[in-house]
Amino acid sequence: MSSSNSTVDLDTLNLLTPTHDSEPVELNQDHKQNKANGQNISHIEIISETEAQELRRLEATVERGLRAFWEIGQALRQIQDQRLYRQDYKNFEEYCITRWEMSRRSAYQLIEAASVYENVRHGAQILPANERQARPLTVLPPEKQREAWNKAVSTAPSGKVTSVHVAQVAKEYQQGSVVTKSRKKKTPNQQQSTNNSTKSVARSCWNCAHCSREFVDDPQSFYCYQLGKLSFIEKDGNQRAAECEFWTHQWAESDEINKSRPPLQETFTLNLQLPTYLQPLIQDAAKESGLVVVDWVAKLLKAAVLKKETSPKAQIHQNIIDVQVSEIT
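According to the numbering used here, the sequence shown is numbered sequentially starting from 1129.
Simulated from the structure, these hints should not be mistaken for laboratory data.
For each residue, glycine too, the CB sits at the ideal point set by N, CA and C.
A couple of the hints might just be wrong.
[Stated by the list, open to error] No more than 27 Å apart at the CA atoms, straight line, and that leaves these computed lysine-lysine pairs for DSS-like:
(1) Lys1427 to Lys1415
(2) Lys1430 to Lys1299
(3) Lys1299 to Lys1272
[To be verified] Each pair of labels, with its calculated beta carbon distance range:
(4) Ser1349 to Glu1271: 27 to 35 Å
(5) Lys1357 to Pro1270: 29 to 37 Å
(6) Arg1249 to Gly1193: 13 to 21 Å
(7) Arg1185 to Asp1216: 34 to 42 Å
(8) Ala1432 to Glu1371: 37 to 45 Å
(9) Ser1349 to Glu1182: 39 to 47 Å
(10) Glu1191 to Tyr1405: 38 to 46 Å
(11) Leu1398 to Ser1359: 25 to 33 Å
(12) Leu1429 to Gln1215: 46 to 54 Å
Could you put the whole structure together from the sequences, leaning on the hints where they help?
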């Protein structure tokens, strides 16, 4: 069994295939255009029928492997729920690391993705093809998972569902940009029913809104936005959550959590290589600000950029004020 972080995504496979719908080249076409077309055609290699059959066979194997995340996640969930690991391991996290060399984060990603798959498969003709497509929906409650998946399928560019597109749709639902029937004003009885269903959920760090999904410096620890870095070898996630005063279900309506979320906006990915000693400092600073690490860093960078852009204007404005004051005196 392999970690979900090493999962191959079919969305990243770009297969070069010859095009059959190109128009014939006119005899009087520009010479340079002919040369460019010739260069493009030279990069396309037509494979034999035997090779094409082999490609289809191997791709079918890849697809079966990618869809196996559902079975893997279900198996891990049953092992955890029934505590079948207890003969040789203290807790589920230690079992995953020792038995499968799988981090806690990877194991719970597979478990949550399997739950999403099980939830959306009823009534859906197109299902998540791999764990990466199901993963963005794990932040949503079950009823919104189905709505978000159906929208992702119906609005997929060129009819091709990708993990990036699913993440965009899930983000819209998470931040309340999509108006759904479930957002209608609830009656007191309905609200009480929702609260009771949340209370009945088993408490765990992994379904808590304060549990970070980000990597920490070692696979035996995780980061809590309320308590900082914690070790699940000392205490597992279920025991900590049962004793924790800050536990809040990840699907619960929290005004503080909603206020801390930035408004929906376009984003880009920026990979930074920072010294290791900065990680706990950044995490603690983000915690004190009531923000997740990503939002805190984005806010810091934005402030630095705006300061750089406005500083010359501010200096000019200050010079004008100084001149006016000197003339008056």
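The hints, checked one at a time:
Taking the CA atoms of lysine 1427 and lysine 1415, the gap is about 14 Å. The hint holds against a cut of 27 Å. Taking the CA atoms of lysine 1430 and lysine 1299, the gap is near 21 Å; set against the 27 Å cutoff, the hint holds. For the given pair, lysine 1299 sits about 11 Å from lysine 1272 by alpha-carbon distance, which is consistent with the 27 Å threshold. In this structure the hint that serine 1349 and glutamate 1271 lie 27 to 35 Å apart at CB holds, the actual value being about 33 Å.
For lysine 1357 paired with proline 1270, a C-beta distance near 31 Å keeps the hint of 29 to 37 Å intact. A C-beta distance of roughly 18 Å is found between arginine 1249 and glycine 1193, which places it inside the suggested range of 13 to 21 Å. In this structure, arginine 1185 and aspartate 1216 meet the distance hint of 34 to 42 Å, their C-beta atoms being roughly 39 Å apart. Between alanine 1432 and glutamate 1371 the Cβ separation comes to about 40 Å, which falls inside the hinted range of 37 to 45 Å.
A C-beta distance of roughly 45 Å is found between serine 1349 and glutamate 1182, which places it inside the suggested range of 39 to 47 Å. For the hinted restraint 38 to 46 Å between glutamate 1191 and tyrosine 1405, the CB-CB distance of approximately 44 Å keeps it satisfied. The hinted window of 25 to 33 Å between leucine 1398 and serine 1359 holds, with their beta carbons roughly 30 Å apart. Between leucine 1429 and glutamine 1215, the C-beta spacing of about 49 Å keeps the proposed range 46 to 54 Å intact.
When the structure is compared with the earlier hints, no violation turns up for any of them.
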